[in-house]
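Student: Here is how the chains run, residue by residue.
Protein chains: 4
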Amino acid sequence: MTFEHRRRVAFGDTDAAGIVYTGRFSSYALEAIEAWFRATIGVSWYEMTTDLGIGTPFVHTSLDFRSSLTPRDELLTEVALSKAGRSSLTFTITGRVADSRRLSFEGRFVCVFVDKASAKPIAIPAPFRAAIMGAVQT
Amino acid sequence: MTFEHRRRVAFGDTDAAGIVYTGRFSSYALEAIEAWFRATIGVSWYEMTTDLGIGTPFVHTSLDFRSSLTPRDELLTEVALSKAGRSSLTFTITGRVADSRRLSFEGRFVCVFVDKASAKPIAIPAPFRAAIMGAVQT
Amino acid sequence: MTFEHRRRVAFGDTDAAGIVYTGRFSSYALEAIEAWFRATIGVSWYEMTTDLGIGTPFVHTSLDFRSSLTPRDELLTEVALSKAGRSSLTFTITGRVADSRRLSFEGRFVCVFVDKASAKPIAIPAPFRAAIMGAVQT
Amino acid sequence: MTFEHRRRVAFGDTDAAGIVYTGRFSSYALEAIEAWFRATIGVSWYEMTTDLGIGTPFVHTSLDFRSSLTPRDELLTEVALSKAGRSSLTFTITGRVADSRRLSFEGRFVCVFVDKASAKPIAIPAPFRAAIMGAVQT
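So the protein sequences, as listed, match chains A, B, C and D. The first sequence maps to residues 1 to 138 in the numbering used here. The second sequence maps to residues 139 to 276 in the numbering used here. The third sequence maps to residues 277 to 414 in the numbering used here. The fourth sequence maps to residues 415 to 552 in the numbering used here.
In short, the hints are calculated from the structure, not lab data. Heads up, a few of these hints could be off.
[Claimed, not checked] Sample of chain D residues lacking proximity to chain C, with all beta carbon distances greater than 12 Å (derived): (1) THR416; (2) PHE417; (3) ARG438; (4) GLU445; (5) ALA449; (6) ARG452; (7) ALA453; (8) GLY456; (9) GLY499; (10) THR506; (11) GLY521; (12) PHE542; (13) ILE546; (14) MET547.
[Stated by the list, open to error] Cut-off 30 Å, straight-line C-alpha distance, at most; resulting in silico cross-link-like pairs (DSSO-like, lysine-lysine): (15) B:LYS258 - C:LYS392; (16) D:LYS534 - D:LYS497; (17) A:LYS83 - A:LYS116; (18) B:LYS258 - B:LYS221; (19) A:LYS120 - D:LYS530; (20) B:LYS254 - C:LYS392; (21) A:LYS116 - D:LYS534; (22) B:LYS254 - B:LYS221; (23) A:LYS116 - D:LYS530; (24) D:LYS497 - D:LYS530; (25) A:LYS120 - A:LYS83; (26) C:LYS359 - C:LYS396; (27) C:LYS396 - B:LYS254; (28) C:LYS392 - C:LYS359.
[As the list claims (entries may be wrong)] Pairwise CB distance ranges, derived in the manner of DEER restraints: (29) C:ASP327 - A:LYS120: 50 to 60 Å; (30) B:MET139 - D:GLY467: 36 to 46 Å; (31) B:MET271 - A:MET133: 46 to 56 Å.
Just so you know, even glycine gets a beta-carbon here, dropped at the ideal spot from N, CA and C.
Let the hints inform the model, and build the full structure from the sequences given.
Tutor: Written out as structure tokens, the structure reads:
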């Protein structure tokens, strides 16, 4: 089952060309991945960094744009965990217009678990490992 | 000569992990490419869309993160036009901390000239072609 | 009945102090007012400017901050239309944490209907007038 | 001598109405106040929160909009410290188009020094007091 995150496209997301500004799409993707973390492992990025001293910085993000978005659209972002390494997670992201399922963008986002104090990579923390491994979609 | 764009890292660019939020880096890169357009072809994105009816939507953006940034850093973003096709431009982006030259991120951004009314790709407009071809770095 | 808009506080909304960045609150308020327009008069800001040539620029925004927000919080923003003039609308905004009802911010936002071509104020357009007058809360 | 902060208006700051989005102006003002802190007391917000455990959250922000901005404009934001209390600073903000001096917005922003650990207001820290008192404009 692929995780889905839904959000309205806001007027403030558009630019003078009348469509969503390129720089906004990475926020859309990150917001959907953030929701995936809460739903899948039950801990938010904020709790992870603040309470547990664990970070998940991204080492790669890429996006291919297929069609533009406007506030007429509701965005449905699919988040699939396509790979889990020792410390890294690779997400495949697909953004669609909610009702027509028109494809808007596809992306790949890779993050790494790190110890916040040393900024060094760490193995996926034990309490999250089972949930993460169970979420890998191949 | 590679084009360079300089900016301070703002407090509002950081997140609760104490470093610049992942979603901000595409704005940094786009802001530097926007400055490249003004400097190289003498027409801003705003003038292009508003006065000339020409858009330059991005079809691909990717970023690899090498080290984090904070407001202690001033960012120097290098913009190199690595390829110009019939209607597309491919930029190689390199973000460094200004004084130490420490590498922060590398990226590839591809945009396409389009007729705004039809949203169809068009050849690089004649008035811009010479300046663009002269800027290609191989 | 006061209109309510609900949203999660995102990790990307925070800053290095570990709370939502001051500059984000006006976006929260505007996003809630944007939802009020869709719900109350059935036309979005995007449709108004793109399809009808009508703008609603803000002439005043103010915010008083009562307590900070983090991604542990879900935000509930109440939007009340407190006054409707010939062309202006005055909104009273109240931001609360959804479950505890803890007050986070209070604001006053004033916008004016304008003809987009001339940028001159216009009377509240006839098709919206009844819905708007019916929404005024005194 | 009033402190001035200069910045280009970016394409990504605009919305589908072809002018700068309302929600961006508080970021413009905050960015100018942030530069004022670095210039006046020699410590950035980031250093204050990270190195010194001191916060300066805003308790009030208000903006009156006089004319719109586009990326054709370069913005010159004047920051005047109009009042310094025991723990609070009141700034008067004036945004103008750089070359024509056309007025775009006026604002009032009030922040309070707090101990980050307790979130309680503190007196303006001794090392900053002289520089701050010397900057008050009446």
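Student: Run the distance test for LYS396 (chain C) versus LYS254 (chain B): straight-line Cα separation, threshold 30 Å.
Tutor: 27 Å, holds
Student: So the hint says 46 to 56 Å: do the beta-carbon atoms of MET271 (chain B) and MET133 (chain A) match that?
Tutor: 51 Å, holds
Student: Was GLY521 (chain D) rightly flagged as not at the interface, with every chain C Cβ beyond 12 Å?
Tutor: 9 Å, violated
Student: Hey, LYS116 (chain A) versus LYS534 (chain D), does the alpha-carbon distance stay inside 30 Å?
Tutor: 27 Å, holds
Student: Under the criterion that the straight-line Cα-Cα distance not exceed 30 Å, is the pair LYS120 (chain A), LYS83 (chain A) satisfied?
Tutor: 20 Å, holds
Student: Using Cβ atoms and 12 Å as the threshold, tell me whether ALA453 (chain D) really stays out of contact range of chain C.
Tutor: 19 Å, holds
Student: Was GLY499 (chain D) rightly flagged as not at the interface, with every chain C Cβ beyond 12 Å?
Tutor: 16 Å, holds
Student: Are all C-beta atoms of chain C more than 12 Å from that of PHE417 (chain D)?
Tutor: 19 Å, holds
Student: Far enough from chain C: is every CB of that chain over 12 Å from the CB of GLU445 (chain D)?
Tutor: 8 Å, violated
Student: Take a quick look at whether LYS359 (chain C) and LYS396 (chain C) sit within 30 Å of each other, Cα to Cα.
Tutor: It holds: about 20 Å lies between the C-alpha atoms, which stays within 30 Å.
Student: Over 12 Å from every CB of chain C: does PHE542 (chain D) meet that, or does the non-interface label fail?
Tutor: 17 Å, holds
Student: For the pair supplied as a hint, LYS254 (chain B) and LYS221 (chain B), is the alpha-carbon distance within the 30 Å limit?
Tutor: 23 Å, holds
The structure shown violates the earlier hints numbered 3, 4 and 11.
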